[in-house]
Each structure stands twice: as C-alpha cells, then as structure tokens.
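Working from the sequences, and respecting the hints, build out all of it.
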Amino acid sequence: MSGQAKSFNDLISGEIPVLVDFYATWCGPCQQLSSILQEVASQIGDQVKIIKVDVDKNPLAASKYQVRGVPTLILFQQGEIRWRQSGVVPQHQLIQSIKNNISTKV
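Heads up, the sequence shown is in my numbering, so the first residue is 1 and it goes up one at a time.
Hints are computed from structural coordinates only; laboratory data are not their basis.
Just so we're clear, the structure is a prediction, and the values are computed from it rather than from any experiment.
The beta carbon of each residue, even a glycine, is placed where N, CA and C say it ideally should be.
It cannot be assumed that every hint is accurate.
In silico lysine-lysine, DSS-like type, Cα no more than 25 Å apart, as pairs [stated by the list, open to error]:
#1 Lys49 <-> Lys64
#2 Lys99 <-> Lys52
#3 Lys49 <-> Lys99
#4 Lys52 <-> Lys64
What follows is a set of in silico ranges between Cβ atoms, one per label pair, in the way DEER data are often shown [as the list claims (entries may be wrong)]:
#5 His92 <-> Leu60: 16 to 24 Å
#6 Ala41 <-> Asn9: 18 to 26 Å
#7 Val88 <-> Ser42: 17 to 25 Å
#8 Asp56 <-> Asn100: 27 to 35 Å
#9 Lys99 <-> Lys57: 26 to 34 Å
#10 His92 <-> Ser7: 26 to 34 Å
#11 Trp26 <-> Ser103: 29 to 37 Å
#12 Gly69 <-> Glu15: 27 to 35 Å
Shown next as structure tokens:
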C-alpha cells in the first residue's frame with residue numbers, strides 16, 4: 001500500500017495540476033460525473049491530469065482527504081488542494097473552476 005500512496009503523492013505534487021475524482025462503482029452520480037469528466041478532459045487537454053480513485057479500493061486516500069461522500073472532486077497543484085467539490089458539477093462550471101484555481105506559467 002505504501003508504494004501506491006507514494007505514487008499518488010508523487011502524482012499530485014507535480015507541476016501539472018491533477019483533478020482527482022473520488023468515486024465508487026455503486027454510485028449513480030459518479031457514473032454521471034464520469035462522462036462529464038471525459039468531456040472536460042477533451043476540452044482542457046493536457047492542462048490538467050484527471051485521475052479516478054475508487055474509495056472502496058483506496059480507503060486510506062479517501063480518509064486522508066476527508067472524503068465523506070462520493071463523488072468528490074479535489075484539484076491538486078504541487079501537492080496543495082486548490083479546490084474541492086462534492087456532488088456532480090456541470091461541465092462548464094467544472095472547467096471554469098479548474099481554470100480559476102490553477103496557476104499557469106506563462
């Protein structure tokens with residue numbers, strides 16, 4: 001488990017922002033959010049990495065970030081939480097939230 005936690009920490013600590021979708025396979029809204037995330041990924045390209053974390057298979061990660069309900073989205077940049085939201089977020093609002101909360105080097 002420690003190797004997995006390290007790779008997760010490495011992933012969220014990089015320069016590229018990471019949007020983590022904490023979800024569960026049995027969660028209906030999570031499935032709805034999954035298609036929204038695919039659209040978001042196609043629109044913002046490589047500006048943000050999007051990863052999914054199954055809370056049932058990764059309870060330590062869910063506990064560490066105090067995920068109490070699914071779906072929960074947390075945006076990390078350089079290991080810091082920039083934004084978080086529980087529940088389904090409309091595509092346009094999600095893209096705007098990501099753009100508003102990441103710092104880009106220009």
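Going through the hints against the structure:
no.	hint	verdict
1	Lys49 <-> Lys64	20 Å, holds
2	Lys99 <-> Lys52	19 Å, holds
3	Lys49 <-> Lys99	13 Å, holds
4	Lys52 <-> Lys64	16 Å, holds
5	His92 <-> Leu60: 16 to 24 Å	33 Å, violated
6	Ala41 <-> Asn9: 18 to 26 Å	22 Å, holds
7	Val88 <-> Ser42: 17 to 25 Å	18 Å, holds
8	Asp56 <-> Asn100: 27 to 35 Å	31 Å, holds
9	Lys99 <-> Lys57: 26 to 34 Å	30 Å, holds
10	His92 <-> Ser7: 26 to 34 Å	32 Å, holds
11	Trp26 <-> Ser103: 29 to 37 Å	36 Å, holds
12	Gly69 <-> Glu15: 27 to 35 Å	30 Å, holds
Of the numbered hints given earlier, the model fails hint 5 alone.
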